[in-house]
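*Asks:* So the protein sequences, as listed, match chains F and V. Sequential numbering of the first sequence, starting at 1, is according to the UniProt record's numbering. Sequential numbering of the second sequence, starting at 1, is according to the UniProt record's numbering.
Each hint should be verified, as a subset may be incorrect.
Some chain F residues flagged as far from chain V (calculated, every beta-carbon gap over 10 Å) [as the list claims (entries may be wrong)]:
| id | residue |
| --- | --- |
| 1 | L154 |
| 2 | Y186 |
| 3 | N214 |
With a straight-line Cα cutoff of 27 Å, these simulated DSS-like cross-link-like pairs (lysine-lysine) come out [what the hints assert, rightly or not]:
| id | chain 1 | residue 1 | chain 2 | residue 2 |
| --- | --- | --- | --- | --- |
| 4 | V | K28 | F | K67 |
| 5 | V | K60 | F | K67 |
| 6 | F | K113 | F | K93 |
| 7 | F | K87 | F | K113 |
| 8 | F | K157 | F | K113 |
| 9 | F | K67 | V | K68 |
| 10 | F | K341 | V | K60 |
| 11 | V | K330 | V | K295 |
| 12 | F | K67 | V | K26 |
To be clear, the hints were calculated from the coordinates, so they are not data collected in a lab. Cβ atoms here follow ideal geometry from the backbone N, Cα and C, with glycine treated the same way.
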Amino acid sequence: MADLSVNLAGIKSPNPFWLASAPPTNSGYQVQRAFEAGWGGAVWKTLGDPVINVSSRFSASTFNGQKVAGFNNIELITDRPLEVNLKEIYETKKKFPNHAIVASLMVEPKQEKWHEIVKKVEAIGVDGLELNFGCPHGMAERGMGSASGQVPELVEKQTHWVKEVAETPVIVKLTPNITDVTATAYAAVQGGADSISLINTINSLMGVDIHSWNTIPHVSGKGTHGGYCGPAVKPIALNMVAECARHPEINVPISGIGGISNWQDAIEFMLMGSTNVQVCTAAMHHGFRIVEDMIDGLNNYLDEKGLARAMDLVGQTVSKYQNWGDLDLNYKVAARINPDKCINCNKCYISCEDTSHQCIDRLLDANGKSYLKVREDDCVGCNLCSIVCPVDGAIDMIEYPSEVEMTWNERQSLLGKMTIGEETVS
Amino acid sequence: MKSAESEQLTAVDLKRNFFEVKEDMKPKEAIDEANRCLYCYDAPCMNACPTGIDVPSFIKKIATGNLKGSARDILDANPVGATCSRVCPTSELCEGACVLNDVSMPIRIGDLQRHATNWAMEHEVDLFEPGVPKNTKVAIVGGGPAGLSAARELRRLGHEVTIFEAKEKAGGLDTYGIVSFRLPQSVSLWEVEQVEKLGVDIRTNCTVGKDISPETLKNDFDAVLVTVGMGQVPKLGIEGEDLTGVYDAIQFVENTKTKALTEQFIGKRAVVIGAGNTAIDAATCLIRSGARNVKIIYRRTEEEMTAYPFEFEFAKQDGVEFRWLTQPTKIIGDESGHVRQLECVQMMLGQPDQSGRRRPVPIEDSSFLMDVDIVVRAIGQSRHLDLLNAFGLNHDSGVLQLNADTYQTSSAQIFAAGDVVYGSTEYGDAMVVSAAEQGKRAAYAIDKKLSC
Numbered sequence: 001m002a003d004l005s006v007n008l009a010g011i012k013s014p015n016p017f018w019l020a021s022a023p024p025t026n027s028g029y030q031v032q033r034a035f036e037a038g039w040g041g042a043v044w045k046t047l048g049d050p051v052i053n054v055s056s057r058f059s060a061s062t063f064n065g066q067k068v069a070g071f072n073n074i075e076l077i078t079d080r081p082l083e084v085n086l087k088e089i090y091e092t093k094k095k096f097p098n099h100a101i102v103a104s105l106m107v108e109p110k111q112e113k114w115h116e117i118v119k120k121v122e123a124i125g126v127d128g129l130e131l132n133f134g135c136p137h138g139m140a141e142r143g144m145g146s147a148s149g150q151v152p153e154l155v156e157k158q159t160h161w162v163k164e165v166a167e168t169p170v171i172v173k174l175t176p177n178i179t180d181v182t183a184t185a186y187a188a189v190q191g192g193a194d195s196i197s198l199i200n201t202i203n204s205l206m207g208v209d210i211h212s213w214n215t216i217p218h219v220s221g222k223g224t225h226g227g228y229c230g231p232a233v234k235p236i237a238l239n240m241v242a243e244c245a246r247h248p249e250i251n252v253p254i255s256g257i258g259g260i261s262n263w264q265d266a267i268e269f270m271l272m273g274s275t276n277v278q279v280c281t282a283a284m285h286h287g288f289r290i291v292e293d294m295i296d297g298l299n300n301y302l303d304e305k306g307l308a309r310a311m312d313l314v315g316q317t318v319s320k321y322q323n324w325g326d327l328d329l330n331y332k333v334a335a336r337i338n339p340d341k342c343i344n345c346n347k348c349y350i351s352c353e354d355t356s357h358q359c360i361d362r363l364l365d366a367n368g369k370s371y372l373k374v375r376e377d378d379c380v381g382c383n384l385c386s387i388v389c390p391v392d393g394a395i396d397m398i399e400y401p402s403e404v405e406m407t408w409n410e411r412q413s414l415l416g417k418m419t420i421g422e423e424t425v426s
Numbered sequence: 001m002k003s004a005e006s007e008q009l010t011a012v013d014l015k016r017n018f019f020e021v022k023e024d025m026k027p028k029e030a031i032d033e034a035n036r037c038l039y040c041y042d043a044p045c046m047n048a049c050p051t052g053i054d055v056p057s058f059i060k061k062i063a064t065g066n067l068k069g070s071a072r073d074i075l076d077a078n079p080v081g082a083t084c085s086r087v088c089p090t091s092e093l094c095e096g097a098c099v100l101n102d103v104s105m106p107i108r109i110g111d112l113q114r115h116a117t118n119w120a121m122e123h124e125v126d127l128f129e130p131g132v133p134k135n136t137k138v139a140i141v142g143g144g145p146a147g148l149s150a151a152r153e154l155r156r157l158g159h160e161v162t163i164f165e166a167k168e169k170a171g172g173l174d175t176y177g178i179v180s181f182r183l184p185q186s187v188s189l190w191e192v193e194q195v196e197k198l199g200v201d202i203r204t205n206c207t208v209g210k211d212i213s214p215e216t217l218k219n220d221f222d223a224v225l226v227t228v229g230m231g232q233v234p235k236l237g238i239e240g241e242d243l244t245g246v247y248d249a250i251q252f253v254e255n256t257k258t259k260a261l262t263e264q265f266i267g268k269r270a271v272v273i274g275a276g277n278t279a280i281d282a283a284t285c286l287i288r289s290g291a292r293n294v295k296i297i298y299r300r301t302e303e304e305m306t307a308y309p310f311e312f313e314f315a316k317q318d319g320v321e322f323r324w325l326t327q328p329t330k331i332i333g334d335e336s337g338h339v340r341q342l343e344c345v346q347m348m349l350g351q352p353d354q355s356g357r358r359r360p361v362p363i364e365d366s367s368f369l370m371d372v373d374i375v376v377r378a379i380g381q382s383r384h385l386d387l388l389n390a391f392g393l394n395h396d397s398g399v400l401q402l403n404a405d406t407y408q409t410s411s412a413q414i415f416a417a418g419d420v421v422y423g424s425t426e427y428g429d430a431m432v433v434s435a436a437e438q439g440k441r442a443a444y445a446i447d448k449k450l451s452c
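Make the full structure from the sequences, and use the hints.
*Replies:* Okay, structure coming up:
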């Protein structure tokens with residue numbers, strides 16, 4: 001049994017699986033149920049001046065019969081009085097002293113507002129604070145959430161105000177609705193953040209009802225953009241986490257968020273620099289009990305890899321994530337179809353023929369049976385055939401390591417030298 | 001199903017016994033299954049379908065909720081696609097070819113096809129239109145699957161089409177010969193209606209050679225297509241065949257589809273002679289009619305049986321007993337002329353015959369008696385020799401001589417398709433789906449000829 005406990009900028013939890021600030025962490029009842037189910041921590045649903053929420057709030061995309069491939073919401077921060085939330089946080093912490101409880105906060109971008117709420121919340125005892133600079137809908141129209149989070153100066157300034165009074169670690173939660181997330185991450189660090197968490201939800205319109213022509217969801221015939229999350233956003237989130245993790249001046253621990261649905265996703269985020277992960281959609285889809293497999297799967301994985309601690313995973317892949325210009329142009333992979341495993345669905349053939357590089361032939365063997373073969377010399381190694389192949393092991397991407405590595409940047413630099421040389425000669 | 005053993009059958013139970021056995025897929029079930037389809041390119045299922053239904057396409061359309069498009073894909077390729085979804089040996093055709101057989105479970109193509117065509121039946125949509133009139137007239141003799149399929153395609157190509165159908169209703173075997181619990185008559189009649197809606201004139205109760213002469217057809221129409229299928233079950237050629245209680249399997253099945261279900265078989269012991277699909281149909285109809293014991297006797301073995309494996313399985317599930325290597329030699333009656341016993345002889349398999357199957361040979365002194373009340377013969381079907389002769393066409397024991405490219409018979413004006421051109425039944429029963437495809441091809445051949 002590996003040690004699954006993590007320490008995020010001084011916030012300790014028995015395992016890396018936290019519930020993100022969202023509907024699942026709306027009340028003490030829910031968070032206590034989550035802790036009983038095995039969650040290691042919870043970021044309480046954002047506290048601030050209580051709001052009024054609309055009815056008809058969530059929606060989700062279904063892909064080829066798979067429900068909740070992506071999830072969208074227009075719910076705002078907590079609509080319960082601050083005192084009620086604080087009382088329940090106190091009770092929950094008392095019952096579960098070893099679990100992490102982090103309070104998510106969102107107030108107007110004013111120093112006194114931040115000072116006031118930080119003091120109130122820390123007074124009842126939390127393990128940390130998470131500043132919500134991320135929610136893209138509703139609150140942003142009032143200058144909060146992502147409206148703050150999209151302006152690096154506001155991120156830095158507000159983080160600084162919080163740090164003036166905070167006694168517990170401060171996590172800044174970032175919005176993905178920005179061209180370069182490292183700009184705001186850097187601003188948070190400059191403001192004194194102890195950690196960053198990302199991503200918050202992505203601006204989204206879930207859909208349009210093709211029969212009523214209403215938006216999905218709609219509130220009495222009108223819709224508004226929401227925040228998108230769930231499995232569909234995972235690659236976007238993972239990239240943003242990775243960009244922050246490999247940034248030389250963003251040196252705080254990261255709490256990874258975005259489409260994490262199982263232990264494998266969690267490991268990917270940890271390898272890419274997350275100290276822990278926060279989950280919402282998967283719990284909303286299946287209930288708190290899914291954490292059981294997350295813990296079990298992570299533990300089995302660590303044992304199998306001979307790793308004693310979950311923390312040993314953190315950041316292992318970060319150095320492998322680089323600029324395109326630093327990739328080896330001489331490295332090659334080419335597809336090879338394994339006739340023993342191939343079921344002849346021809347999906348690789350048609351995808352290559354219609355949409356890639358036309359290098360798969362349909363041939364007949366001596367018995368007149370059709371089979372597929374890659375012309376490896378023509379294959380550019382795009383992977384499309386192996387992506388669409390429904391059978392594991394039917395298509396291998398064979399590696400041809402380069403004898404001499406040559407990246408684009410190296411090539412340009414060499415060319416530059418040659419040009420300079422030529423000029424010198426002429 | 002309620003059987004005679006469990007309790008006394010009522011008329012209501014009998015009726016229920018003949019309801020379609022298989023329920024339609026539920027909408028979610030269909031979508032889940034449709035989403036499992038890989039959407040293969042140049043899909044083996046499509047190539048395995050005699051009518052070439054674009055299976056991945058119709059299944060994808062179920063997944064996207066485009067049931068109208070799905071039904072159209074199916075019925076475009078196969079005018080009797082609703083029937084075929086129920087009677088096709090899918091495990092030997094589309095589902096047998098599904099690439100998922102190797103790594104998972106094949107897609108339930110037949111069930112999905114039934115789901116989509118059920119939608120079309122429930123939603124009275126017009127899926128096809130007649131073509132631009134060509135001022136040409138085609139007569140079709142026989143309104144079974146081959147004739148209907150040809151008629152539909154000829155109408156879409158703009159020809160005027162008249163079907164001459166001897167029975168009260170069109171649809172042929174689909175309407176009269178396939179057991180209701182597999183294929184309700186309403187399905188076949190819906191397919192007939194779709195063809196009629198395109199403007200095909202279907203003259204029922206009209207027997208060519210009796211009510212109208214072949215000469216009249218030849219004179220009044222530019223082309224004649226013969227799709228008369230096959231006839232009744234021939235006699236066994238043994239003593240006692242005229243006794244009360246001896247039936248022709250085709251007629252027996254037809255009675256269950258056209259007449260009020262009779263209670264006369266309740267508690268009876270029945271023997272069906274033959275082991276093709278018609279024999280299975282008769283046997284399972286007998287069970288559902290309340291017979292106490294139903295045996296299929298066959299002079300060869302399970303190996304040589306022509307019934308599809310799934311039909312064989314279905315019969316066993318229904319409780320039909322099988323007696324292999326058994327040949328009837330005499331039907332013995334009681335004093336009132338009713339069947340009382342069947343005399344049989346045990347057989348053994350000898351050398352292979354022309355069909356390649358080992359010839360059954362009687363074992364000496366192996367004769368024995370079986371107490372029975374009902375004997376049903378299901379040993380193949382006879383051919384419509386008189387009609388073929390009346391048309392003056394060359395044939396081999398009722399199998400028409402045909403040009404495989406032009407679908408022309410020995411007379412250039414007369415075309416043929418379906419069971420009437422299908423070879424020997426020794427190789428198993430001809431399929432509805434093959435008849436449908438032949439009808440289509442004959443229609444294109446006629447169109448080509450008339451367009452010259």
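*Asks:* Starting from the hint list further up, note which numbers the structure goes against and sort them upward.
*Replies:* none
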